[in-house]
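Construct all of the structure, not just a fragment, from the sequences and the given hints.
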Amino acid sequence: MTETAILVEGLAKRFGDVMALDGIDFQVPTGTIFGLLGPNGAGKTTAVRVLATVLTPDGGRAEVLGHDVVRDAEAVRYLIGLAGQNAAVDPNLTGRENLRLIGRLTQLQGRLIETRAAEILERFGLMDAADRPVRTYSGGMRRRLDVGAALVHRPPVLFLDEPTTGLDPEGRNELWAVIRELVADGTTVLLTTQYLEEADRLAERIVVVDHGRVIADDTPAALKSDLGSTVTELGMSGEKEAERAHSLISGLPRVHSEREGATVRVSSQEGPRVLIEVLRALDANGITPSSLTVREPSLDDVFLALTGRHAESNPTPQASDLAKAGVA
Amino acid sequence: MSTTAVDLPPVEIRRGAGRLAGTAHDSFAVAARNLIAYRRVPQLLVFSTIQPVIFVLMFRYVFGGAIKLPANLPYVDYLMPGIFVQTVVFGSLAAAIGLATDLKSGLLERFRSLPMARSAVLAGRTLADLVRNVFVVVLMAAVGFGVGFRIHSGVAPFLLGMALVLLFGYSMAWIFATVGLAVGDPEAAQAAAFPVLAPLVFASSAFVPVSTMPGWLQAFAKHQPVSATVFAVRDLVLGTPATTDVLQALGWMAGIVVIFAPLAVRRYRRSV
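Taken in order, these protein sequences are the chains called A and B.
So that you can map any letter, position 40 of the first sequence is 40 in the working numbering, and since no number is skipped, the others follow by simple counting.
Each number in the working numbering corresponds to the 1-based position in the second sequence with 1000 added.
To be clear, the hints were calculated from the coordinates, so they are not data collected in a lab.
Here the structure is a predicted model, which means the values were calculated and not measured.
Hints are not guaranteed to be accurate.
[As the list claims (entries may be wrong)] Here chain A is said to cover these stretches of chain B; the calculated rule only asks that three of the stretch's residues, wherever they fall, bring their Cβ under 8 Å from a Cβ of chain A:
# : stretch
1 : 1021-1030
2 : 1054-1068
3 : 1111-1124
All C-beta atoms in this analysis are idealised placements derived from N, C-alpha and C, irrespective of residue type, glycine included.
Here is the structure:
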């Protein structure tokens, strides 16, 4: 039997006229990594803040390990760790002092605080910089300390809000490895990301949010199977030719094709082989693409597939936009 | 449908007396954190003390000669109580700047997700500023004695006066904690605070006798918290009857804390 660590039912949060969360539901099984995927302003951060007891919801409910995040917020705070979008550490304190502060504020005993701080500094490769003020740290080091600070009291549930934003590829891989280790030890992780790749690499289940609503709740594999493992974009000389190419390619087996302006987007599970067939078919009909790009599917592709429109950033969505989204 | 309940770690959720002790524990942790910043960024302390020292020298030696006082009171003895009060009033800006910085950096969001007392961030901040003010007041007293300031009463009334100064600084910190959280940006907090601070400090009895001001300004200058505190401290230092002024000053401080502490806490709860 799978146990549920995080339960979210009909959660709603309004800021003025904007519904940041418009009734979202999902469940996170214990000991798994769960991805909350969506563009800027989709409501991911709001959801995490409500679950982390920082914000009070306007409707619906949420539970973390059997404790309601509103009625039983104090209990929830013992069970969670939060690393927000900013590296929320004090630049004037050293790395060790930052961890000590969190240790004291999570009510650990003095000796245990020292042990945990040392463990975390070691784990995140910050031992050498442990006693330097954080303002001398690089962005990546701050970010690691920030995630480390969420672990001082060994919370069974961890919220990571865009944890790899601003990290270089190496730093990102290191952080992914730590997250996997934590989950192997039984921690439940909810992470938000704008990158399908990140959610795909880490999460066992993904919820896609848009305008405060859940628009997909699935495994990464299932989400991607709708999209194809590779996406090829063929630039044509004009819309007319693009339309011809689109109807030709749509006739091929195991291929999904879309046209947008003079661009034809082809997705498939068997990228290279299908691509050969596509190009043969085009060549046989005397069509030559003016450009060709092959890439991994992105959040934007997921959006196109799910909603028929591009993922937009909505830092401050207007009520009228939300109304339109509701109608669409 | 519900999640599987997990027992809490072996830390008791605090209630009753334990809650009070817990609030103190958390406030001290936050205060210690804020004090480390003063140790590690000494410029913060240096610049916040240089300005009052310059005020002492400027008023003592530049403007002092032009200011006519009743009786044969040396101006420096009249000035220093005002300087003490002015120093802690400007110093209380640190609460606004510090909290706005923490709000902007996301540190307050982290604190609000921790199992700590809700009031500890503000209590710790104001406590740290109180400790800093002890240091600053001692320094200003030393500078004052250096330029000829003399106590007319005795050690005990003088220390009582300094305690009033510290308490006043503490109450002002709650005003600026509210401002810092409301504004949410350190530079803006500083800009927002000055137009409030300047009239309070300069249209007061801190540097010049209120009786030299035009009538309409006297009405304000006599009945505002900075003047009330300066009157009380001056009485205590000069050995004039002090009880009424001390009670009035304490009344202002109590009023400020009663109004602004809940406002600041409310702002803190709403801030992300």
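(request) Identify every previously stated hint that the structure contradicts and give their numbers, smallest first. (result) When the structure is compared with the hints, only number 2 turns out to be violated.
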